[in-house]
Amino acid sequence: MRLAVDRIKCDGHGQCAELLPELIRLDDWGYPIIARADVPDHLVPMAQRAVAGCPVLALALQQRTG
Amino acid sequence: MSDTLLWYTTRGAGAVSLVLLTAVIVLGILSALRVQAAGWPRFLTTGLHRNLALMTLVFLALHIVTAVVDPFTHLGWLTAVVPFSSSYRTFWLGLGTIAFELLLAIVVTSLARGYIGHAAWRLVHWFTYASWPIAVIHGIGTGTDTWSAWLLAITVICVVAVVAAIGFRVTAGSRDPLKEPRTTFQAAAQRRETR
Amino acid sequence: MTRLLDGRDLALGPEGLAEHVQRLGPLPAAGRSFIDVLVRSGLSGRGGAAYPAGLKWQSVAAQSNGTAVVIVNGAEGEPRSLKDRLLMTKRPHLILDGASLAARAVRAKHVVLYIGEEHHAARESMARALAERKDEERRLVRTVAAPARYVAGASSAAVHLVDDGIATPTTAPPSAHERGVDGAPTLVQNVETLAQVALIARTGSSTGTLLVTVAGGVLRPGVLEIQAQTTVAAAVELAGGASEPPDAVLLGGYFGTWMKAANAWGLPLDHDALRARGLSLGCGVIGVLPSSRCVVCEVAGIMRYLASESSAQCGPCFFGLRALADACTAIAERGANSEDLQRLRRWSAEVSGRGACHHPDGAVMFLQSALTTFPDEFAGHRAHLRLSA
Amino acid sequence: MKPNSTPLSKVSGCSQGRFSGRVNTGAMNGNTQDRIRARDAAFRLLNRLTTGAAVGALAGVGVFGAVSASTIPGITTTSQSASTTTSTSTSTGTSTSTGLGSSSTPVNSASSGSGVVVSGGT
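The listed protein sequences derive, respectively, from chains A, B, C and D. The numbers in this note's numbering rise by one with no breaks, and the one at position 46 of the first sequence is 46. The numbers in this note's numbering rise by one with no breaks, and the one at position 149 of the second sequence is 1149. The numbers in this note's numbering rise by one with no breaks, and the one at position 194 of the third sequence is 2194. The numbers in this note's numbering rise by one with no breaks, and the one at position 91 of the fourth sequence is 3091.
What the hints contain is simulated information worked out from the structure, not anything from laboratory work. Just so you know, even glycine gets a beta-carbon here, dropped at the ideal spot from N, CA and C. One thing to keep in mind: the hints can contain errors.
[Stated by the list, open to error] Pulled a few chain D residues facing chain B out of the computed Cβ check, cut under 7 Å:
(1) 3011
(2) 3036
(3) 3050
(4) 3051
(5) 3055
(6) 3061
(7) 3071
[To be verified] Taking lysine-lysine pairs in the DSSO-like style, the calculated list, with each CA pair at most 30 Å apart, reads:
(8) 1179/B / 3010/D
(9) 1179/B / 9/A
(10) 3010/D / 2260/C
(11) 2134/C / 2109/C
Work the whole structure out from these sequences, hints included.
Okay, here's the thing in structure tokens:
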């Protein structure tokens, strides 16, 4: 599982970075920088919470393909 | 005896629902304004907004169930679903039914937001601004207690809170930092490119 | 061997249809089987990405049921590039031949001539050439003005312009050759690539030449048709030689790579050879920076331009490129300080890979190549005395 | 302009103003451990606030119910017959009780089995 942002939808609410500091931080303009690594199992619930909590539904948890 | 208790509960739960709904709306507006402080991250505002919205439904359910079960008014379950179907205070209760159904739609679409998409969710969410005043008018119109000082005070506080929050929201404008650049860019691009 | 710019003197007007046919012979009738010839020729796209043309045609043809769209890409948004508009202005029938072959090979429903709105001579010449073509060709074709913006030449931007009237690029799948205009598979191909196709159809192989624009500090800046593998030094010589001792070369346009002149001189101008060295010829601009110009100021100027060309689709691009450009300008104006340099490095790394399209990536790669090629120039930069405007 | 100093850049890099940039440098980029702690604290606060609100709301139903009972208690009448019941409404003086009167007739007859009619005041 891996986190991906739709950059066009994202308008920098920053809630994902608050909810998942382990994997997400914000750049100087408030847009998320997401760790490239896979989401470790113990963080999946919180990652799902961050996905559901995004005010504009710009964050997605994707099954890694290939 | 238990019938009067039901009736008091209806009135109490109605007042509590109004207060909760007001808090939900104010929190919603605060979250759109991206309010945050040390120890108060933004997700706390939206989390509380969500929790209180669900809680509002619970207390509305209490309000409605006690009202319907109350044998005096003899509302029947249909009243809870079909607006203006009660013989008792047809109009004012009908408003209550509408407000409740709008709210139910708002909560259900919010819970299913991931499936219906952001645009549809947002569209339904605008109904909040209809649901709340309808609920207030329902309270005043049906109002057993309308002119009691305590309910009057609550109603006034709620109205002031929501009006102030909406006022802030409108004057503050969009908190999306890209909103203005995007508008500018697209306007310029449309002028040049749609020819 | 025939070359792209063979034929009448380039100082003369566009080559008409009669002259074109007389010189090269009629366009051979070819259908889908031509794609195999194209694949064998090894032709790669000349718009900047150098994607193998044959593969793109195969992909579009495989998905087309007579529904595909061909976009003839003459947007040429790269500020210092001139080769596409020269070709459109002087040899329009080569391009239309290529477009016609493409339309038949992928069984296209429409052909869109996507030509930069400010390339007036090119648009006129293409329109006049189109009027000379057969009815059944003309019926397929319509002309659309590409906005004069840096990103307008990206294939996704071309598709969006044709569909929605706004040329915003994206990298999100599906790509244009899967789902482009109106959801149909769409072949977006640069005009130089299509001109090559016209010659491949007649001779069976590519000309082995490419068009480059030599810009900046040379005596005769402009477009050259050179044999692949020609060195940078030879190309500069062909452009009249450097006008003054050159310091640096910007290879491949604004999304290209900075090099010290001495290191650039011996490089062969060839897509594959450059890619093997981790470089790219891009759309073929060779910018020569004369020693009298300050590289930091040039970089700052180009960064300002690239920042202002953001489509404001996403925050990292819009705010990131502006901040990077401002930091560059601060160094150019006030002289270097470690804080600005550190920010440049951090922001470059952070912005990279986080855009809705490749624009921020290209801009950041440009900046990073400047920072690695000219570390001393940046670190030791002194404030310029500002001349009164 | 001398031809030999043709710039590569389209715009000048050192004689322009600045973009009106907004930078809130490092607002959210504290130490990851601190941010994790802040999140967990905020979640605890969210739970406390939610629980508090639930308790408060329940208490509110009680309090408001009691207040409403004490201000407008309504009157409980025990009816002896199914035919006519006098429902008494406590008037607050400003309200009209006609709607109640007309609609309460069938209501009363139907609920007469219990023998208890609660009449709501207006």
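Checklist entry - Which numbered hints does this structure break? => result 1, 2, 4, 5
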